[in-house]
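J.: Sequence:
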Amino acid sequence: MTVFNIVFLGAGNVATHLAQALSRQGHRILQVYSRTQASAAALADLVQAAYTTDIKCLQSEADIYICALKDAVLAEVLAQVPDFGKALWLHTSGSMPLSVFEPYTHRCGVFYPLQTFSRQRAISFERIPFCLEANRKEDLVLMKTLASQLSEDVREMSSAQRQNLHVAAVFACNFTNSLYAMAQEILAYDHIDKDILQALIEETAAKLRGNDAKDVQTGPAVRMDRNVIDKHIAWLQAHGQADKARLYEEMSRIIYERSQQS
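Counting from 1, position 41 in the sequence shown corresponds to residue 40 in numbering that gives the first Met the number 0; the numbering is continuous, with no gaps.
These are calculated hints, taken from the structure and not from any lab test.
Bear in mind the structure is a predicted one, so any value in this text is a computation, not a measurement.
Don't be surprised by glycine CBs; every beta carbon is placed ideally from N, CA and C.
Warning: the hint list may mix true and false statements.
With beta-carbon atoms standing in for the labels, derived distance ranges [what the hints assert, rightly or not]:
1) D224 to F174: 41 to 47 Å
2) R118 to S177: 16 to 22 Å
3) T217 to S177: 18 to 24 Å
Please take these sequences and the hints and turn them into a complete structure.
T.: Here's what the structure looks like:
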């Protein structure tokens with residue numbers, strides 16, 4: 000197995016998990032860059048790497064530079080890199096195009112793991128889809144080899160496709176998690192343990208395997224049961240949750256209208 004020397008730009012959730020996963024596979028994490036010293040030092044300590052908060056002090060001998068940065072700062076940071084050299088430069092964003100590297104290097108790619116990451120939660124990469132795009136075929140082969148060491152699900156995907164995927168992922172993950180948070184707030188009114196919803200959440204997700212979500216939709220909104228819907232909205236309004244009441248009404252309308260489509 001080829002061992003790569005890797006530098007990470009960024010020390011957030013994605014960088015923390017990905018750097019550790021690559022380190023476990025035997026690759027050498029040479030350095031971590033972050034604007035925040037505490038974050039850079041914390042990740043560097045986990046993977047026995049050096050760290051810096053000065054973009055001008057990036058080590059130059061890496062084979063691969065992985066930019067796991069917020070979209071809002073990626074282009075700004077790239078513009079400050081002193082020398083791209085002959086190394087392969089990757090970013091991990093779902094919504095940033097490959098072309099963000101165009102002004103700087105022809106050896107570039109996207110190494111996007113489709114997953115939600117939290118530092119405090121251990122995660123297995125085995126089933127995480129890796130969506131790859133590269134400017135050169137040779138680099139795509141290298142990236143596939145690297146990703147395959149982490150995951151069984153490695154795919155080629157264009158910037159346009161990845162943008163589409165990222166929109167879908169926000170609906171499937173981020174919006175859904177916010178709804179879970181609202182559900183927990185509702186339970187808290189009567190001191191009901193939030194874990195009571197766990198089996199329901201897991202079964203809802205499990206039903207999606209092999210089925211279209213539309214076909215397994217249940218609940219009062221599918222049949223527009225106003226008796227139940229109006230009671231729920233009244234409860235929310237009575238407890239000062241006007242925002243949740245409006246969302247409940249709108250979601251019920253959307254679910255019903257979608258259920259009527261052929």
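J.: Hints numbered earlier in the text: which of these fail when held up against the supplied structure?
T.: Number 1 only.
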